[in-house]
Amino acid sequence: MAALEVQDIHKSFLIPAVKLDTVREHILQSFKWRMYLNHRRELRVLNGVSFSVRAGETLGIMGRNASGKSTLLKIITGIYRPDQGAVRCALPITPILDLGVGWNPELDATDNICLLGTVMGLTLRELKTAKDEILEFAGLGEFARLELKHYSSGMAMRLAYSVAFRAVRGILILDEVFAVGDMEFKEKCYARYEEIRRAGHTVLMVSHTPTDIARFCDRAILLEGGRIVREGSGPDIADAYVRSLTGEKCP
Amino acid sequence: MEYPLNRKSAAPHPNGAYLPGLIWTLIRTDFKTRYHGTLGGYLWALVKPLTMFAVLYSVFSILFAMDAYYALNLIIGLFLYDFFSESTKTGFMSLKEKSFLLIKTKFPSWVVVLTSVSSACITAMIFSTAVCVYIAVFKRPLSLLEIGCFSLYLLLFLAIIIGISLAGSVLFLRYRDINQIWELLIQAGFFFTPIIYPLDIIPHKFHFFLYAWLPTAVIQFSRSVLVQGVIPSATAHLMLLGSAAVVLFSGAALYVRLAPRSLERL
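Taken in sequence, the protein lines are chains A and B. Just so we're aligned: 119 in this note's numbering is position 119 of the first sequence, and the numbers increase by one with no gaps anywhere. Just so we're aligned: 125 in this note's numbering is position 125 of the second sequence, and the numbers increase by one with no gaps anywhere.
Each statement offered as a hint is correct.
To give an idea of the chain A side of the interface with chain B (calculated C-beta under 10 Å), a few residues:
1. Asp21
2. Arg24
3. His26
4. Gly78
5. Arg81
6. Pro95
7. Asp98
8. Leu115
9. Gly117
10. Leu127
Don't read these hints as lab results, they were simulated from the structure. Keep in mind the model is a prediction, meaning the values are calculated, not measured. Yeah, the Cβ is synthetic: ideal placement off N, Cα and C, and Gly gets one too.
Chain A with its partners taken away, still in its complex shape (with noise of 0.2 Å):
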């Protein structure tokens, strides 16, 4: 069964010559409306993106900066819509695109897990429950009460980590969350991931780190230029990402 089945993306920016921001600058416009159109630029991001995820994988996206992956990220979220094609979603999806999104440091540790908690999904019932879980994976039971301006940025993200990997439901979608903490940090996120995968939950995993794509994606696929140009094993995506940022032909 596919969780998730992303058909034919195409996505596109007008980028104006002359930035329209003000009703002012807009009325101006209007009465050379000609020049205004011919100094439109159109960005091509993303241009016929298709693939589907099986329940329970683990698939990989990986591509140079501007190939698209943040968009089509976003659009399979829903925080931009296609300008064609479609995004259909068996499970409802939990989506990591940036560690402690949200946080505001003049609140304690325990206020910003509600915070954080309630944008990710979970509800006042659950948080009840799971604050002290998080706090404990996080390692920083003992500074619950302290305001989140005096954590070191280590600690913040250890947090935001713990809060977010205990939010998930249905499809995870990660974009380069795993940059976080000290080795031992990263190796507890790492079996949270594992254990997050064992319990069948369907995973979309964007990164840049080859070594993750490859020990972690049952599947990936390469973006360049907004299309996908190749598609294969976590370790194969991995090794062609990396030929094709040293020049080197894939075989």
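Here the structure of chain A is known, so what remains is to put chain B in place on it, guided by the hints.
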């Protein structure tokens, strides 16, 4: 201890089950941040509107001693207009202010607009209670019907504010000076609304135009039930109800139409 998985993960997300918690958390943390680290803490939320009421009432009671109700009418007008002005201005900027959340996570963006008016709502509730208590203790007893009517006007005012905020918040992402235009309108609207002058000095044939600016209706109706003890007619109530519904639904319709694409402009 094992870090547990979300056991409901195989089932679809409970339809919006997290939304009440999200709304409550956004309101609570916003309120907490506002008074965080201050000496008076949450007491400021209480002290500020009460002090404003006491100072305004004392000053205007002395300045306009000949008219026993002028000060009270003025204060009700000022506070309701301030509620309208502050909350719509915050509402216009709400999506932009929370853009860091909206482009990285997926939850209904209208929640952000809705919660942005919470702070002004809390102040309005405290101020309303103070005004009602003052009138009941020092002027005349208020009936439950009068308090109920006043509460209804506040609710309808909130619906109008939410409608305007929904429309304004998405329009702001397209036209970045729309908040400046709105501020000018609000300023002009202050003098268009009978706040510092009584409605009676305007010829009756122009009243319709004044009432078309909805804060006028809410302010006049509130003064009527609280100060004069007169309940406006059923027709007047229906017109206010209809106007509030039109503003709310128009704002929501514009929001639904523009919001999905507008988020790309954040």
